[in-house]
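Enquirer: Sequence:
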Amino acid sequence: MNNPRLWILILAGLTFLGGLALGDLNARRRQAAAEPRWAMSDYEALFGQRFELSSERQDLLGSVLRSYQADIERLKSRHMAAHHASIEPELLKLGQRYNTLVRDHVLPPAQRPEFDRLCVALPLEP
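Counting in the working numbering, the sequence shown runs from 88 upward without gaps.
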């Protein structure tokens with residue numbers, strides 16, 4: 088056991104095996120994080136468990152809930168568009184206020200002309 092080559096081989100092997108294990112663990116963690124979760128996934132799972140649904144009925148529940156979610160999103164989009172139009176003047180004033188704050192308090196005086204030049208392309212009036 089005094090042979091340094093043997094120790095080097097043992098340590099290299101252990102390092103390789105440790106790297107494999109950590110790589111696999113990291114890949115599984117990333118895959119779990121990449122799986123898309125949607126708003127009603129927990130409800131769908133709990134409902135299926137509670138009522139002991141067959142896989143066919145579980146799929147049907149998923150379809151119904153996804154359709155419901157899509158209808159909710161359409162409704163939100165419609166109302167957000169109407170709401171956005173109603174607050175447009177207020178948003179414009181707020182934008183102008185923060186534009187002035189950035190120009191006068193964030194930028195040094197030497198950079199303000201460049202900022203003004205860039206802002207000319209962005210109309211701040213409705």
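Keep in mind the hints are simulated off the structure, nothing from the lab.
Backbone N, C-alpha and C fix where the C-beta goes; we use that ideal spot for every residue, glycine too.
Errors might be hidden in some of the hints.
Said to hold, decoys possible - Label-pair distances were calculated between CB atoms; the ranges are:
no.	residue 1	residue 2	range
1	Glu139	Ala108	50 to 60 Å
2	Val207	Ala172	17 to 27 Å
3	Val189	Glu139	55 to 65 Å
4	Ser141	Glu175	31 to 41 Å
Enquirer: Just pull the numbers of the violated hints for me, sorted ascending.
Expert: 1, 4
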